[in-house]
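Trainee: Residue numbers (our numbering), protein chains in the order written: chain A, 3 to 211; chain B, 4 to 320.
No lab work stands behind these hints: they were computed from the structure. Note that the structure is predicted; figures quoted are calculated from it, not measured. Check each hint, because a few of them may be wrong.
What the hints assert, rightly or not - Here's a subset of chain B near chain A, in silico, CB distances under 8 Å, partners left out:
(1) V86
(2) T91
(3) L99
(4) F100
(5) F103
(6) A231
(7) S232
(8) Q250
To be verified - Residues from chain A shown here face chain B by an in silico Cβ test under 8 Å; the list is partial:
(9) G20
(10) S22
(11) I23
(12) R24
(13) D27
(14) P167
(15) P175
(16) H210
Even glycine gets a Cβ: it sits at the ideal position worked out from N, Cα and C.
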Amino acid sequence: MSGWLANAVAAGARGLAGASIRWLDCRPESRQRVYFANHTSHLDFVVLWSALPQALRAQTRPVAAKDYWQSGLRRRLAVGVFHAILVERSAAADRDAQLQSARRSLDLLVEALERKESLILFPEGTRGRGDEVGPFKSGLYYLWLKRPDVQFVPVYLANLNRVLPKGEVLPVPFISRVAFGPPLQPGDNETKESFLREARNALCALQHA
Amino acid sequence: MDRPMLWLVEGVVGGLIAASLVGFFLSLRVKSDSGKATIQNLNARIRAWWIMIGVFSIAMLVGPVGSLALFGFISFLALREYVSLIPTVPADHRTLFWSFFVFTPLQYWILAMHWYGVASIMIPVYAFLFVPVRLVLSGETAGFLDRAARIHWGLMVCVYCISYAPALLILEIPGYRQQSAKLLLFLVIVVQFSDVFQYIWGKLLGKRRIAPLISPNKTWEGFLGGVASASLLGMGLWWMTPFSPLQALGMSLVITLLGFAGGLIMSAIKRDRGVKDFGSIIEGHGGILDRVDSICFSAPVFFHLTRFFYITHGKTT
C-alpha cells in the first residue's frame, strides 16, 4: 500500500528538484547494486530513488542515519514509505562501543544484500556543503569485502544542496542533476585506502560530467 | 470564433503540417552527418512546436485564467532555469523562496484581479525593496549587492516582463473590448515567427556574423530577413488588432527588434556562465527561457506602446 505513496512522494520531490537524469557508461539493470552518492541534502535519497526506473525501486533500499530519521513523521516517511534501513552513526567516545555499532550497521546491510536487495548509501556519513565531496567512511569498503559480487555504482547528485540546504525547511526549486557513473572495478589486492580512494575519485569524476 | 481567426488557425496548423512534411522529406534526402544533425534538430523543433502550439491553444480556449496560469507557469520555470544557472549562496535561500512562491504567483493573481495599477509596480517597487531587506536579515554581507542584483534581475525578466504578455488581456481598448486575446496572439505570433524566420534565413543565406562574440549562429542575413519577414507578417495581421496596417508594421518592427535584443542578451548571460542553453525541457529548443527570451523584452514595450497610444492618449485627445 505504501508503494503508490512512495512513488507519489518521489514524483513530487523529483518534480520540485527538476532532476535531469543521466546514465554514463552504466545502464539501469535489475542486477544487485550498491548506489553510493555524495550527500548534501535530506532530499538526496528520495531523489536518487525516484531517478531509478520504477521496476528497480521496489528492490532498492536507502540507508539512512537512525539518529535523524527514527522519530515520528520522519520515521514514517523513511521506513514506512521508502523502506529505509536505519543505521547507527555512533557518537560514542568509547572505541569498543564505536566498533560494535559499526559492526551492527554492517550486519544490517549485509542482511539486506542477502535478501537480493540493492542499497543507496552515502559514504560521507553526513551532509556536506555541496562544494566538495568529503572523505568516505570505511563502511563501503567492508561491505565490498563481504560481497565483492555486488556492483558498486557511483551517483553524483548536483544542486540538491541548493534545493534544500542544511538547516532549511522550505525548498527552492533549483534544477538538479543525477548522474549515474560506470560501476567500480576493484582489483584483487585493494587495500581499504585504495578502495575508498578509487570510489571517491569515481564519484568526483561525475561532478562535471 | 470569427472567420479571419479561423483562417489564422488554419494557416498556423497548415504551416506546421507543411513544415513537418518538409522535415520528413529532408530527413530522407540528406546524407552527410552534419546535415543529418541539423535535420534532426529541425524535426525536434517542429515536434516541439506542435506541443507548444497545442498547449498555448488550450490555454487561450480556457480564457484569460488559462492564459494567466500558463504564463505564470512559464515564469516559474524560466526563473528556475535562471537561478539554477547563476551563482547563489545559502544565505539567499529564503529570499529565493519568496521569489518563487510568493512574488511569482502574486504577480499573476493581481493580473487575474485586473489590478493594473498594482501589477505594474508590485515587482519594481515592492519586490525591489523586499529582496535586499530579506537578504540583509540573513546576516551575510559577502557579495551583497551582486546577490541582490541577480535576484532583482531574475524577478524583473522572468516574472515582471513575461507577465506583460498576458497583461494584454486586461487592456480595455475603446472599440476593441472583449477582443484583447487577439492582441496576445498577435504578439506571440510575431515574436515566435520572427525567431523562426531568423532561423530559416540564417540557415539559407547566413554568412556575416552579427555578434560573433555572443552568439555565433546569429547572422546579418538571418537578422534582416527575419525582422523583415516577421514585420510584414505582422502587418498582414492588422485586422486582428486595433492598429492600421502601417501601425501594425511599426509595432511588429518594435517587437521583432526587441525580441532579437532579448535573445542576444540572454545569449550573453549563457556565454558568461559557459553553457549553450538554459535547460533541456523543450526538445531541440533548449530551456523555456531560450524560447521566451524574445517575449521578455518585447512584451513590456508592446504593452506600454499600445496602452499609451490607444488608451491614455486616446482619452486625452
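Trainee: If a hint holds in the structure, say so; if it doesn't, say that too.
Mentor: These are the hints, each one checked on the structure:
no. : hint : result
1   : V86  : 6 Å, holds
2   : T91  : 7 Å, holds
3   : L99  : 5 Å, holds
4   : F100 : 5 Å, holds
5   : F103 : 6 Å, holds
6   : A231 : 37 Å, violated
7   : S232 : 34 Å, violated
8   : Q250 : 41 Å, violated
9   : G20  : 6 Å, holds
10  : S22  : 6 Å, holds
11  : I23  : 11 Å, violated
12  : R24  : 11 Å, violated
13  : D27  : 20 Å, violated
14  : P167 : 5 Å, holds
15  : P175 : 5 Å, holds
16  : H210 : 11 Å, violated
In this structure, the hints that do not hold are numbers 6, 7, 8, 11, 12, 13, 16, in rising order.
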